[in-house]
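Numbering (the UniProt record's numbering), first residue to last: 1 to 191.
Treat the hints with caution; some may be incorrect.
Calculated lysine-lysine pairs in the DSSO-like style (CA-CA distance at most 27 Å, straight line) [claimed, not checked]: (1) Lys136 to Lys115; (2) Lys120 to Lys96; (3) Lys167 to Lys190; (4) Lys115 to Lys167; (5) Lys161 to Lys136; (6) Lys96 to Lys115; (7) Lys115 to Lys70; (8) Lys167 to Lys184; (9) Lys136 to Lys190; (10) Lys161 to Lys120; (11) Lys184 to Lys136.
Label pairs and their computed distance ranges (CB to CB) [to be verified]: (12) Lys96 to Glu127: 33 to 39 Å; (13) Leu135 to Met22: 23 to 29 Å; (14) Phe45 to Thr68: 29 to 35 Å; (15) Asn183 to Thr68: 40 to 46 Å.
It is worth saying that the hints were derived from the structure and are not from the lab.
Every value quoted in this text rests on a predicted model; they were computed, and no experiment measured them.
Note that CB positions come from ideal geometry on N, CA and C, so glycine has one too.
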Amino acid sequence: MPDLYIIAGPNGAGKTTASFTMLPQIFNVREFVNADEIARGLSPFNPESVSFEAGRIMLQRINQLVATRKTFAFETTLSTRFYVRLIEQCRDEGYKIHLIFLWLNSPELAIERVKSRVAKGGHNIPEEVITRRYLKGLQNFVNLFMPICDEWMVADNSDEKPQTVSKGCGVNIDSVMQTDVWNKILEHGKD
Numbered sequence: 001m002p003d004l005y006i007i008a009g010p011n012g013a014g015k016t017t018a019s020f021t022m023l024p025q026i027f028n029v030r031e032f033v034n035a036d037e038i039a040r041g042l043s044p045f046n047p048e049s050v051s052f053e054a055g056r057i058m059l060q061r062i063n064q065l066v067a068t069r070k071t072f073a074f075e076t077t078l079s080t081r082f083y084v085r086l087i088e089q090c091r092d093e094g095y096k097i098h099l100i101f102l103w104l105n106s107p108e109l110a111i112e113r114v115k116s117r118v119a120k121g122g123h124n125i126p127e128e129v130i131t132r133r134y135l136k137g138l139q140n141f142v143n144l145f146m147p148i149c150d151e152w153m154v155a156d157n158s159d160e161k162p163q164t165v166s167k168g169c170g171v172n173i174d175s176v177m178q179t180d181v182w183n184k185i186l187e188h189g190k191d
């Protein structure tokens with residue numbers, strides 16, 4: 001059975017950084033489809049200018065991987081409903097769906113993380129977009145994505161070392177390690 005790993009969380013949560021370690025070393029995933037990395041390959045000095053083209057290439061690659069039933073991963077802020085259909089398609093094709101949500105304790109921390117990334121030569125995202133994605137991503141995680149995943153895990157990545165918050169399968173919550181954080185996520189996740 002092939003696996004789909006979704007690395008999710010707000011901008012600045014460390015999705016790409018975590019993916020480069022956890023996907024190959026922990027989950028033995030060799031296919032990581034990342035629109036930001038594709039954009040950097042297309043235009044290293046101005047990746048924002050080719051973001052639409054990078055997204056198109058990303059979707060083409062995902063379709064190829066699904067058609068050949070390969071295990072793969074991608075990252076997302078979950079700020080839109082777009083990937084719901086892809087996940088449902090993958091489930092229909094026999095994929096096991098795993099979602100790892102890297103949480104930050106505030107939109108302000110997400111903004112600071114992005115500023116730090118930009119100072120190191122990374123890509124920028126407007127503050128209002130970061131804030132909107134932060135809130136919508138939490139809502140979509142709780143209401144749309146959690147229920148359709150075979151396994152999910154939330155990790156608080158606000159500090160140096162990520163801390164596991166909760167784990168579950170679909171709507172079933174298997175364990176909560178940080179009750180206060182989990183309750184905050186659920187509260188923000190309300191529509």
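How the hints compare with the structure:
no.	hint	result
1	Lys136 to Lys115	holds, 21 Å
2	Lys120 to Lys96	violated, 36 Å
3	Lys167 to Lys190	holds, 19 Å
4	Lys115 to Lys167	violated, 30 Å
5	Lys161 to Lys136	holds, 25 Å
6	Lys96 to Lys115	violated, 35 Å
7	Lys115 to Lys70	violated, 35 Å
8	Lys167 to Lys184	holds, 15 Å
9	Lys136 to Lys190	holds, 10 Å
10	Lys161 to Lys120	holds, 21 Å
11	Lys184 to Lys136	holds, 14 Å
12	Lys96 to Glu127: 33 to 39 Å	holds, 37 Å
13	Leu135 to Met22: 23 to 29 Å	holds, 26 Å
14	Phe45 to Thr68: 29 to 35 Å	holds, 34 Å
15	Asn183 to Thr68: 40 to 46 Å	holds, 42 Å
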